[in-house]
Amino acid sequence: MLADILQLLVAGLATGAIYALVAIGFTLVWQTSQTINFAQGEFVMLPAFFVLIAMGHFGLAFWPAVGVATAVSVVVLGLLFKRLIVDPLIRHGVLPLVISTIGLSILMKEAVREFYGADAQPFPPLATDANVTVLGTAFSLQNVVVLALCIAAVGALQLFLARTRTGRCMQATAQNPTVARVLGIRVERMILYTFLINAALVTLASVLITPIYLAKFTNGEWLGLYAFIAAIVGGFNQVRGAIVGGLLLGVVDDFAAAYVSSQYRLALPLLILILVILFRPQGLLGRVEERTV
Amino acid sequence: MRRLLAAVALALIAAFLLAAPFAFKPYGVFILGMWAVMSIAAIGLNLTLGYAGQISLAQAAFVGIGAYVTAYLTTHGWPFWSGYVLAALACFAIGWLLGYPALRVQHHYLAFVTLAFTTLVYLVFRNEEWLTGGIYGISNIPRPSVLGLSMEPPRAFYYFCLAHLVLVSLATWWLIRSPWGRAFVAVRENPLRALSLGVDTRRYTLLAFALGAGLGGIAGALYAPLVQYIDPSPFALGLSLNLLLMVVVGGSGYFFGPYLGAVVAVLLPEWLRFTQGYYLMAYAVLVVFLMAVSPAGLLGLADRLLRARRAAAPRATP
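Line order of the protein sequences matches chains A and B. One rule links them: number in this note's numbering = place in the first sequence (from 1) + 731. One rule links them: number in this note's numbering = place in the second sequence (from 1) + 5.
Quick caveat, the hints were computed from the structure, so don't treat them as lab data. Take the hints with a grain of salt, since some may be wrong.
What the hints assert, rightly or not - Far from chain B, by Cβ distances over 10 Å, these chain A residues were calculated:
#, residue
1, Val807
2, Gly834
3, Ala842
4, Val863
5, Ala884
6, Gln906
7, Asp984
8, Gln994
Claimed, not checked - What the simulated footprint calls covered on chain B by chain A, stretch by stretch (three residues with Cβ under 8 Å from a Cβ of chain A suffice, anywhere in the stretch; the number is not a length):
#, region
9, 113-119
10, 123-131
11, 249-260
12, 288-301
To be verified - According to the in silico footprint, chain B covers these stretches of chain A (three or more CB under 8 Å from chain B):
#, region
13, 810-822
14, 826-832
15, 1003-1015
Note that the structure is predicted; figures quoted are calculated from it, not measured. Ideal Cβ positions, reconstructed from N, Cα and C, are used throughout, including at glycine.
With the rest of the complex left out, here is chain B (with noise of 0.2 Å):
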């Protein structure tokens, strides 16, 4: 029954998702992309801090980078796909040797060493002008095509960050339930027993932070050609904050977290338009408030009562 009910959610979703570039103006449909990309981004978050426990605040760093390198090699006439591998490649070293400092140090400073890195790299798009642009950015990004086909309208780049986030969903699917992302769980679960059980959480610390940062960078590598303009200002230590709370509003730790923390950082800000500033204030006081009532997040949260609800319903009837 509950199987029945997620596919037929999951399928609407997905009708949705398909024909909702036909019904919306070419600002909705981009706002819908940014949605898939932000998306990409958190499910590598919740990678890192959902399954495998390792806060991070750098993030919106390895977007960046991933942004930046693409936007860099496609303005400097090389193909697309060379620039989505290096950012992806990148990010994901540049994560491992991130990951370092998290199997020294634990929690908060963890997210000390992870908010100085995106400081830095923010600094360093920002003052870089012979690479990066400086201030005033990298424009023009061309958008790639694909078989053929010429991923440049709206709606055509859109479905191009959909079928790439129905990809990472997939892979990432399968990791969870792979012996990586058990291995992942009970490092976060307690790292002291996984060790004692022969895993190596050294590597698989590394792993998580490595594969976190290599989806920021798919991320990154998507979001400079939807945008087709770029500058230092999206990535500062916001974005972190920002994806961070997408994680765990969602529900960190739960598959479908990151998509609904979007919906909400993403979408809900667009719909809610006339509701100006006090949309971000609401959106604060939600965050306060979950974290009283559900740390687990909106999912836990849904979790906990249809839980409630089926320990209740054998009481009901006699």
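One chain only, chain A, in its complex shape (with noise of 0.2 Å):
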């Protein structure tokens, strides 16, 4: 009994961490830019098939196209995004760029169907089918990997954000641009790096979640919808929020599928994600955003 919910707990906080990778680009792209990117969740599916790409048309290996598929989200959903799709919108306000992206997220969705194909594909996995036995509970090896590479990935960028020059900048550039600019802060340089580090999170998001959900066009729909709650429940203008939200859902996800209906296994978070905008629009751990007239 005991073991199932470890197991359970891990398997949820692996899980978790992904979604927690996904919701924190939403959130710095959301601090520093008030964009809402609908698109999250296709920008999570996309990668997987650069990878895919990569080793089928160019027969690289496995770790080279991942490289070779994260420099191209990089430059695609990072770059290109920021400057096709988000500089020219941006003084329109929240809701054009929030169509936009929608549109966005049919035009990712269609153009994988069409060219690649609509059948879930398999995708490697980044640690084979063995299980750690830990204090006499066995937990699943793919699991623990995500869980340590999540971690490292997080830890590396809160120290980024926290203790380097450009990382302070950036936080400064999320918490008042006008004041930042004021200081000398070059405030677009800082919103275009928040950009690239979203495809980067997105990118070994991809890598991490698609072995165990098969890469397929339609993938973005519940991915983005996860990450969506994710940065809701935890707090929509805290990194420290998207961590917290992604693996509260991921365990809330797996022990509401467990132990109260896999039918209704979405129904829980979503329950969660509308008492908290109702009760603690800010989130669970975030500030009170102001409100200007």
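The two chains are supplied separately, each in an independent frame; assemble them into the complex guided by the hints.
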């Protein structure tokens, strides 16, 4: 019984950590540029196909393919996304950008279906199908590796944001772009960095989650939903919040599937989302956003 | 002059809509009926989004609720109109309740609440087999008869849908010119000022939500007998996003926006079938491009071009 719960907990934390990666990217982009990326789920769906194309069409091995996919993602989902979609729209306010990213998500989905195929593709896992036994409980190696990589990535990101000059400049930009500009921070460049970091995070998430759910053009639909829920439940304006939200979501989702009802597993996260928005809209860890008249 | 042009254009469109069933195959007539139904749903969303400024991703859920209520009642021996009225009332009431979050949160938060609502409703459609038939859905949904005339033939039912579209259009036309409609716009443009001018922003926000939802319910009540078989999949989040795009692409806050948006989203894909999957990609590119050029949609773009021409005209003549 206890072993079951521990196994579920680790599995939930592993998927939750992946959601956290996606939610962190979502939050960073929102903080610095007020961009609500409705295509964030498709951003996670796509890099897996970059990897598959690099392996299938160019004959690369897995890790070089991941490297190429990361580079392509950073350019396409980071740089081009910002230059072509966000920059021309930013002055129009939040809604047009939301609509535009909805359009973008359709484009990415249809393009993958048209040019790669509608069938779910297997994706190479990062670890072999083995178990690690700790204190008499067997954990799947896959989950442990995923969890370790996520912790490493988030830790590195936190160090970068808190300890380096660029990272602090990015935080300043997120908190108050006007003051940041006055202080001589190159705000535009900092915003670009958050888009590039987001692209790198979704690539990592893609490589981690696709072995579990196979590569399919519709993956973005629920991945995006989970990223939104994680980001909002944790606190829309906090990286810490996205981490807590992601982990919480992964665990709740796993336990709901195991103990409540697998048909309604999505319902519990959605209900939590609605309750959080209604009663604590700033999120579990968030600060209250100031309202301007 | 402009009024005359508009009247002529409207007359031509009306003539086309009336004559089209005689030129089209049954499938073409069915698609036109679908256009009318989706237009009604989009008109409802345009009230909520375009006039009252509340971004809602719940419209698919209301179309679904309307469709399921009507399908369930009519297949259990109830007359069509009982399903129709109940669908509209139920959606109005649920829309009113769903409007409460809109009072507390704004913009993106509201989008997410309504998104969650749509997905929850979809889960209920899919899982509550005793009520909705689950993934097998409800089939053999009968079509009503009006004044002894059976609406069973495709052409008759198309006119039935078209008549509803006309009625809904007239009601909406009246509504947005009434003090209520003005109050919606006031709440959208500046809630604080509207409040200080004595507009009960609370009530009007709820009303905008409820009316939009009620029209969604009516669209659903027509959708079920139009398709005659419903299952959960058409009422997933995709339809909500699609309806949102219809309203925005056509021109949110423009009276004719939803009709045009529904033409782009419902009719064009059928006429451009030979392009296969590329149509959706082109549509997506159009949306992205349109938002950059004219966030007010196609009608907003046309409006701006017309105004630019009129501004340029006096300068051209010495």
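Going through the hints against the structure:
{"no.": "1", "hint": "Val807", "in the structure": "holds (14 Å)"}
{"no.": "2", "hint": "Gly834", "in the structure": "violated (3 Å)"}
{"no.": "3", "hint": "Ala842", "in the structure": "violated (6 Å)"}
{"no.": "4", "hint": "Val863", "in the structure": "holds (35 Å)"}
{"no.": "5", "hint": "Ala884", "in the structure": "holds (26 Å)"}
{"no.": "6", "hint": "Gln906", "in the structure": "holds (19 Å)"}
{"no.": "7", "hint": "Asp984", "in the structure": "holds (14 Å)"}
{"no.": "8", "hint": "Gln994", "in the structure": "violated (5 Å)"}
{"no.": "9", "hint": "113-119", "in the structure": "holds (count 5)"}
{"no.": "10", "hint": "123-131", "in the structure": "holds (count 4)"}
{"no.": "11", "hint": "249-260", "in the structure": "holds (count 3)"}
{"no.": "12", "hint": "288-301", "in the structure": "holds (count 9)"}
{"no.": "13", "hint": "810-822", "in the structure": "holds (count 3)"}
{"no.": "14", "hint": "826-832", "in the structure": "holds (count 6)"}
{"no.": "15", "hint": "1003-1015", "in the structure": "holds (count 5)"}
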